[in-house]
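*Asks:* Here's the letter readout for the chains.
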Amino acid sequence: MSSIEPELPEENFISEDELKGLLERWIAPQPSKTLDQRIANSYHTEMGSADPAAISARFPQSQNEVVKMKFCSTCQEEFADKFSFCPVDGSPLSVPASEAQPAVPEPTTTSQLFEAGDPVPSAPEVSEVAGSTALVARGEYHLTMIDDETLVGRLAKEVGYVAHEYQLTWPEFKRDPFGFTKRSLVGYGQMASKAIGNRNVIAGLLVALVAMAVLVGILSLLDRAQPGGISKAGFITFAAIAGLILAAVFATWVTKSQNGAVLGAPDAESNNAVAGMVVAFSFFLLLVGGGVFYNFWQKRLQLQQQQQPNQEMVQFLDIPTEQPTPDEGTAGFDKGKGGGSKPKQEKPGGGGGGGRQEAKPASFGKTPQASLTVPQILPPDPHPPVVKNPSLPTPATLNVDPTLMPPDDRQLNYGLRDSKNLDPSSGPGTGNGMGSGTGTGMGPGSGNGYGPGRDGNIGGGDYHEGGGGPGGGGGGTDYNKVFSSKEVSSKARVISKPEPQYTEEARKNQVTGTVVLRAVFTSGGQVTGIHAVQGLPNGLTERAIAAARQIKFVPATKDGHQVSMYIQLEYNFNLY
Amino acid sequence: MLLAADRNKDELLLARAAAGDSAAFIQLYENHRAAIFRFSYRLAGSVELAEDITHDCFLSLLRRPDGFQGRHATLRTYLLAAARNLWLKQLRSAGREWAMDDLGDDEFVSFERPPLTRLLDDELSAKVQEAVSALPPLQREALVLFEYEGLSLSDIASISGTDVGAVKSRLHRARQRLRSSLSQYVNASPELNTSREIVTLEQA
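Read top to bottom, the protein sequences are chains A and B.
Under the working numbering, the residues of the first sequence are numbered 1 to 576, in order.
Under the working numbering, the residues of the second sequence are numbered 1 to 204, in order.
No lab work stands behind these hints, which were simulated from the structure alone.
The structure displayed is predicted, hence computed values, not measured ones.
Keep in mind that a hint or two might mislead.
What the hints assert, rightly or not - Quick partial rundown of chain B residues pointing at chain A, CB under 10 Å, derived from the structure:
#1 F58
#2 R63
#3 L124
#4 E147
In this text, a Cβ means the ideal position worked out from N, Cα and C, and glycines have one as well.
Take the sequences, apply the hints, and build the full model.
*Replies:* The structure is reproduced here in structure tokens:
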């Protein structure tokens with residue numbers, strides 16, 4: 001074995017000869033016969049030997065596509081190749097002698113291919129069709145081949161043929177859409193002009209058009225003659241007469257097989273006249289139908305415009321399906337069920353009052369900053385501050401739940417929300433607040449809150465912190481609670497998520513599995529309340545919790561507020 | 001290498017073909033068909049494309065026979081240049097089509113070889129084709145013209161429309177690339193490699 005092993009070169013060096021040897025291994029194929037055929041075809045096309053016989057000789061397969069026909073000597077008609085006996089009289093069918101010509105042998109060598117282009121008169125093709133075409137040319141009879149298939153079968157065949165044609169023409173259309181369309185239009189145009197060129201077609205067309213023009217003219221004359229437009233009965237009568245005339249024309253056509261003639265044309269040409277009429281009628285109906293449809297459309301548009309006068313669309317408005325529960329009353333005035341910043345629904349209580357023993361009642365204005373945590377330093381004063389000795393400005397505050405009294409940014413002096421007095425006044429109360437009560441608050445009560453009641457806050461009665469949101473009645477949504485992922489309008493989006501590391505112990509013990517944690521993604525961006533729903537031993541649960549704490553995320557939002565959201569985290573621990 | 005006599009003959013044939021002599025055209029076509037097809041195949045890498053190029057090449061000769069100036073080059077060089085331009089055109093066109101099977105029928109494979117040898121030969125042939133096809137177009141044409149068609153450097157230069165120095169450097173770079181891409185097949189000198197494989201197989 002070792003003696004057969006070739007000696008590998010020390011390095012990857014290929015000498016000139018070796019490279020040449022390698023390159024020689026790539027053998028190119030020989031040009032195929034199809035190439036010769038193609039070039040032969042192109043040669044004939046280029047050199048202008050456009051003799052039809054020569055072209056057909058270049059395509060030997062095209063000769064096989066000639067439909068084979070059999071001939072019945074009794075009824076003198078031709079039938080498809082599959083019939084053995086005449087379907088009309090039952091006599092045996094024969095193959096016409098002209099069909100039995102030997103096929104032209106296929107050219108095999110290059111030079112034969114080229115020589116096949118020389119014009120060769122092909123006698124069989126001429127004699128084969130001579131008999132039947134002569135009859136057709138004289139208009140004596142039209143050969144119609146009807147297979148003994150059902151109508152549906154034939155229809156399916158036709159549809160299949162159309163589909164096949166489409167398949168064949170589609171690549172050509174894709175390759176050259178403009179040229180293809182042009183060629184098609186020219187072809188159809190030629191077909192149409194040929195059809196119109198038939199005798200009596202023009203006559204039929206003109207007669208039909210004139211007849212219809214007359215009908216329409218009569219109709220419009222009738223319409224004008226009567227002041228209120230044509231009556232229904234008149235219209236129906238007219239339509240009936242027109243219909244009868246049409247029926248008469250078609251009856252003539254139907255009876256033409258019994259030597260009836262249309263427009264005095266000879267029997268064989270009545271068909272052309274009728275075809276012209278039908279085309280004209282179709283064209284006219286298309287016009288009238290288009291006009292009627294256009295009229296209808298215009299009327300509909302006008303109707304729509306009348307229904308919406310002087311209105312134009314500026315923009316689409318999205319109407320939310322879920323509207324927030326409306327407040328039932330101002331918070332804290334003994335109305336509704338309550339409200340406040342506590343998570344649960346609870347009615348707030350308390351109030352405040354004050355005054356500086358002024359003659360006028362406390363004036364109208366805005367309430368100062370509300371807070372339950374910052375003690376009140378400066379009570380509200382409706383008079384603009386007069387700076388005597390420059391000092392650090394201290395804002396006036398009220399000891400009220402801020403949820404119930406949102407910050408008021410209006411450029412106003414401090415005052416009661418519902419006062420009618422516009423002159424700055426602290427009111428007749430005492431204690432440096434505003435209103436008729438006592439203390440540093442605002443309103444008729446006592447203390448540093450707002451409204452009736454005692455000892456601060458808002459809502460009447462004794463001091464009591466409310467809960468369940470700012471709504472005086474319904475409370476509304478508390479955005480401080482923790483939502484589930486279904487309740488939020490946009491979920492929390494994790495920005496970074498560190499992978500937990502295996503502990504040495506777990507690796508040693510081959511611990512694998514999943515740790516499932518439940519946690520809260522707070523509105524402030526922290527991960528809190530982590531607890532394991534499903535854990536793993538050897539410190540993997542702890543590692544997962546540590547990793548969860550380091551998750552960075554964009555908090556979830558609900559109605560534009562950043563909110564906290566419950567989330568379930570899964571950590572897969574796998575050893576590979 | 002075409003002799004001067006052949007050159008004159010080609011010119012004569014072309015003049016006759018242009019005048020409508022089909023026999024002259026056949027002669028011309030048969031003289032150059034194989035070379036042009038081979039060259040197109042090695043550039044384009046597929047039988048279908050090579051046939052297209054060869055067809056268009058001869059068609060252009062038929063349409064503009066005066067495009068060939070006998071005093072500048074031989075007809076072979078002229079046709080090779082035409083094929084090369086057609087190939088580049090095809091390469092540039094966005095919607096070019098690639099045939100599914102790059103190897104033609106087994107016509108050109110000798111069936112006298114044992115199956116295993118044939119398999120290995122085919123594989124090596126495919127590898128060489130792959131390596132040559134991976135060359136940048138200009139290097140590829142220089143290599144094919146020099147190694148496979150045996151043209152002189154000046155002829156290659158006139159076909160590629162450049163000077164001899166550029167052809168030399170393209171050839172050099174093409175060879176370098178081929179050396180590195182074919183290095184693992186260098187020991188695959190056919191006899192040794194095949195026999196070794198066969199022995200291994202027989203032992204197994």
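*Asks:* Could you run down the list of hints and mark each one as holding or not?
*Replies:* For each hint, the structure was consulted:
Using the Cβ-Cβ criterion of 10 Å, the hint placing B:F58 at the interface with chain A is satisfied: the shortest such distance is roughly 6 Å. At its closest, the beta carbon of B:R63 sits 7 Å from a beta carbon of chain A; the interface hint therefore holds under the 10 Å criterion. Annotation: interface hint on B:L124 holds; nearest CB of chain A at approximately 5 Å, less than 10 Å. This hint holds: B:E147 has a C-beta 5 Å from the nearest C-beta of chain A, less than the 10 Å allowed.
Going through the hint list in order, the structure satisfies each hint without exception.
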